[in-house]
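Participant: Read off the chains here:
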Amino acid sequence: MHWIDWTIVAVYLVWIAWDGLRMTKRSHEIEGYFLASRSLPWWAVGLSVMATQLSAITMIGTTGQGYADGMRFLQFYYALPIAMIVLSATLVPFFHNARVYTAYEYLERRFDAKTRAFTSLLFLLSRSMSLGVVISAPAVVLAVVMGISVTNTVLLIALPTALYTMFGGVQAVTWTDVKQMVLIVFGLLAAIVALIAALPPDVGIPQALRLAGATGRLQTFDFTLDLSNPYTFWSGTIAALFLFCSYFGTDQSQVQRYLTARSVAEARESLLMSAYWKIPLQALVLLVGVFVFVFYLFTPSPMLFNQVHERQVREGPRAGEYASLERRFATAAAARRNAGVALAEADAADDAARVAQAADAFNATEAEVRAVRAEALTLVREATGDPTYNDVNYVFPTFVTTHLPIGLVGLLVAAIIAAAMSTISAELASLSTASVIDFYRRFLRPEGSDAHYLRVSRLATGFWGLLASAVAVWAVELGSLIEVVNRFGSFFYGSILGVFILAVAFPRATGTGAFVGLLAGMASVAWVASFTRIAFLWHNVIGAVVVVIVGLAVSLVLRDGRMMK
Amino acid sequence: MTDAGPGYLRVVVIWAAVLVALYLFQEYFS
Numbered sequence: 001m002h003w004i005d006w007t008i009v010a011v012y013l014v015w016i017a018w019d020g021l022r023m024t025k026r027s028h029e030i031e032g033y034f035l036a037s038r039s040l041p042w043w044a045v046g047l048s049v050m051a052t053q054l055s056a057i058t059m060i061g062t063t064g065q066g067y068a069d070g071m072r073f074l075q076f077y078y079a080l081p082i083a084m085i086v087l088s089a090t091l092v093p094f095f096h097n098a099r100v101y102t103a104y105e106y107l108e109r110r111f112d113a114k115t116r117a118f119t120s121l122l123f124l125l126s127r128s129m130s131l132g133v134v135i136s137a138p139a140v141v142l143a144v145v146m147g148i149s150v151t152n153t154v155l156l157i158a159l160p161t162a163l164y165t166m167f168g169g170v171q172a173v174t175w176t177d178v179k180q181m182v183l184i185v186f187g188l189l190a191a192i193v194a195l196i197a198a199l200p201p202d203v204g205i206p207q208a209l210r211l212a213g214a215t216g217r218l219q220t221f222d223f224t225l226d227l228s229n230p231y232t233f234w235s236g237t238i239a240a241l242f243l244f245c246s247y248f249g250t251d252q253s254q255v256q257r258y259l260t261a262r263s264v265a266e267a268r269e270s271l272l273m274s275a276y277w278k279i280p281l282q283a284l285v286l287l288v289g290v291f292v293f294v295f296y297l298f299t300p301s302p303m304l305f306n307q308v309h310e311r312q313v314r315e316g317p318r319a320g321e322y323a324s325l326e327r328r329f330a331t332a333a334a335a336r337r338n339a340g341v342a343l344a345e346a347d348a349a350d351d352a353a354r355v356a357q358a359a360d361a362f363n364a365t366e367a368e369v370r371a372v373r374a375e376a377l378t379l380v381r382e383a384t385g386d387p388t389y390n391d392v393n394y395v396f397p398t399f400v401t402t403h404l405p406i407g408l409v410g411l412l413v414a415a416i417i418a419a420a421m422s423t424i425s426a427e428l429a430s431l432s433t434a435s436v437i438d439f440y441r442r443f444l445r446p447e448g449s450d451a452h453y454l455r456v457s458r459l460a461t462g463f464w465g466l467l468a469s470a471v472a473v474w475a476v477e478l479g480s481l482i483e484v485v486n487r488f489g490s491f492f493y494g495s496i497l498g499v500f501i502l503a504v505a506f507p508r509a510t511g512t513g514a515f516v517g518l519l520a521g522m523a524s525v526a527w528v529a530s531f532t533r534i535a536f537l538w539h540n541v542i543g544a545v546v547v548v549i550v551g552l553a554v555s556l557v558l559r560d561g562r563m564m565k
Numbered sequence: 001m002t003d004a005g006p007g008y009l010r011v012v013v014i015w016a017a018v019l020v021a022l023y024l025f026q027e028y029f030s
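In order, the protein sequence lines correspond to chains A and B.
1 is the number of the first residue of the first sequence in the working numbering; add one for each residue after it.
1 is the number of the first residue of the second sequence in the working numbering; add one for each residue after it.
A hint or two may mislead.
[Stated by the list, open to error] So, partial list: chain B residues that the calculated Cβ filter (under 7 Å) puts toward chain A: (1) Y8; (2) V11; (3) W15; (4) V18; (5) L22; (6) Y23; (7) Q26; (8) F29; (9) S30.
[Claimed, not checked] Derived list of chain A stretches under chain B, where covered just means 3 residues or more per stretch with a C-beta under 8 Å from a C-beta of chain B: (10) 85-99; (11) 128-137; (12) 277-286; (13) 322-328; (14) 400-406.
FYI, nobody ran anything at the bench for these hints, they're computed from the structure.
Think of the CB as a built atom: it goes at the ideal place given N, C-alpha and C, for glycine as much as any other residue.
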């Protein structure tokens with residue numbers, strides 16, 4: 001990276017840390033620290049909700065998916081607007097009127113202390129692990145493209161975030177989220193403009209889309225009924241509805257966002273902002289990846305995008321095989337470029353028969369490029385002994401650092417770091433809130449002063465920051481980042497949602513019923529995940545349904561048993 | 001709750017319109 005780009009990144013880091021830290025003066029008591037004294041406007045909360053959900057994994061993993069696989073992943077978000085309506089009409093007013101700090105606190109009022117403690121503990125476990133992944137995902141990739149160590153990139157991302165969250169509390173989280181969200185969207189728009197500007201003179205936007213469409217990369221609907229396929233219209237609208245209701249309705253990192261809103265109406269408005277903008281925003285992210293694919297049709301592309309693993313293979317005993325694959329790749333890529341030009345010309349001439357013929361030829365060359373890349377991936381996995389190796393997360397950062405002009409590189413690296421920080425800060429604040437409110441204040445020291453709880457909360461935020469950074473350095477070994485994060489969550493997610501459904505919709509459900517139901521739901525998900533090929537999104541449905549059925553049954557049996565006595 | 005009703009309907013209408021637009025986009029360029 002050029003020194004100007006380094007300067008931009010450094011200026012961003014210093015500015016955002018200062019911006020967060022100056023909120024310290026507004027966080028003198030515990031309600032200000034955790035909930036901004038329930039005083040924030042809906043638009044800031046709404047942007048914070050979106051910034052929390054959009055992590056650096058979205059910036060690097062989802063653009064990579066757009067490049068390699070196209071826009072199919074968009075289906076994952078189809079249920080989000082409906083989930084926002086469901087939550088706005090159900091859980092949001094319950095939480096606000098109960099004036100709770102955490103979602104789990106509400107469960108004690110409705111059920112009992114053990115249900116609250118257990119769900120909060122599950123949140124702490126799963127969120128602290130996934131937070132490690134949220135930090136390590138961009139840290140690993142940025143380490144490679146910036147040429148520094150992973151420990152350094154972990155520190156670069158996590159240290160300023162932990163600092164401003166620790167001192168500035170949720171005010172710092174929200175107001176930095178707002179600025180980070182603006183930077184992210186600006187960065188994505190700048191990337192897409194740069195990509196369009198880089199198209200060859202005879203390839204316009206319609207031709208670029210035709211090329212992507214011919215390979216199936218613009219497919220956003222897959223109606224096949226296959227429970228093992230993670231991204232179909234059905235999993236995106238039915239199973240993901242459960243995931244999003246659980247994420248936005250029961251995950252403290254999101255619930256805490258809208259608990260800071262001034263009123264129930266403003267909390268609702270903040271969620272509906274995501275309902276309007278999430279699908280278009282995600283489409284933009286994927287489209288960036290699709291345009292990177294089109295860009296590399298006409299510009300020589302590396303066969304694989306992770307240079308560290310590639311270097312290992314080049315210097316190892318299978319270097320000859322790799323070099324031979326690279327020659328095949330160069331030939332296949334050249335053939336694909338020619339076929340792409342022919343297709344673009346046919347499209348510009350508006351000749352349907354020629355377009356169909358050229359599309360077939362183009363697809364054949366694309367299949368050959370894919371096949372060579374797949375062989376290269378297998379070779380790298382075997383040669384490096386890393387079976388999870390994948391280069392999808394390196395595509396966009398590699399494009400940014402090798403093909404964008406000076407200045408824009410710094411801006412986009414800052415945007416990737418901003419995406420990471422906006423998620424990390426909200427998660428740190430929520431981990432601190434749940435540990436202090438649901439455990440320390442509830443079980444260890446119920447009668448402490450406000451100043452005491454504020455001190456403990458700051459220490460807790462620092463502790464979670466340190467732990468997550470340690471997990472991040474360790475999580476380097478984990479592969480396929482998006483899947484990992486979602487998997488961590490989905491083991492618990494559906495089941496926790498089931499408990500909240502029991503709490504809100506079934507007055508006859510009891511605390512013991514909910515608790516036993518939760519255990520049964522989690523056991524079912526663990527079984528399904530281990531012994532079937534059902535895709536992870538559906539685990540949320542299974543968990544929630546099992547909890548509701550078992551929870552109700554146990555509640556009714558115990559109640560009837562007591563009545564008989 | 002009552003004042004939020006029309007807001008929900010608007011979300012559903014825009015959501016359906018976005019999905020239809022995406023489907024047409026997919027079909028046009030495939």
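Participant: For each hint, tell me whether it holds in the structure or not.
Facilitator: Now the hints, each set against the structure:
1. A least Cβ separation of about 5 Å between Y8 of chain B and chain A falls short of the 7 Å threshold, and the interface hint therefore holds.
2. Checking V11 of chain B against chain A: minimum C-beta separation of about 5 Å stays under 7 Å; hint holds.
3. Here the hint on W15 of chain B is kept, as its CB sits about 4 Å from the closest CB of chain A, short of 7 Å.
4. With its C-beta approaching chain A no nearer than about 6 Å, V18 of chain B sits inside the 7 Å limit, and its interface hint holds.
5. A cut of 7 Å between beta carbons decides the hint on L22 of chain B: the least distance to chain A is about 5 Å, and the hint holds.
6. Evaluation of the Y23 of chain B hint against chain A yields a held restraint, the C-beta minimum of about 6 Å falling below 7 Å.
7. The closest approach between the C-beta of Q26 of chain B and any C-beta of chain A is roughly 5 Å, which is under the 7 Å cut-off, so the hint is satisfied.
8. For F29 of chain B, the interface hint holds, since its Cβ comes within 7 Å of a Cβ in chain A; the closest pair sits about 3 Å apart.
9. The interface hint given for S30 of chain B is met, as the beta carbon of that residue sits about 5 Å from the closest beta carbon of chain A, less than 7 Å.
10. Only when three residues or more bring their CB closer than 8 Å to a CB of chain B does the claim for the segment 85-99 of chain A stand; here the count is 4, and the claim holds.
11. Under the rule that three or more residues need a Cβ within less than 8 Å of chain B, the assignment of the segment 128-137 of chain A is violated, with 0 such residues.
12. Remark: the segment 277-286 of chain A is confirmed as covered by chain B, as 3 of its residues place a Cβ nearer than 8 Å to a Cβ of that chain, reaching the required three.
13. As drawn, the segment 322-328 of chain A meets chain B at 0 residues by the rule of a beta-carbon pair under 8 Å; below three, the given contact is violated.
14. Here the segment 400-406 of chain A counts 0 residues with a CB under 8 Å from a CB of chain B, which misses the bar of 3, and the coverage is violated.
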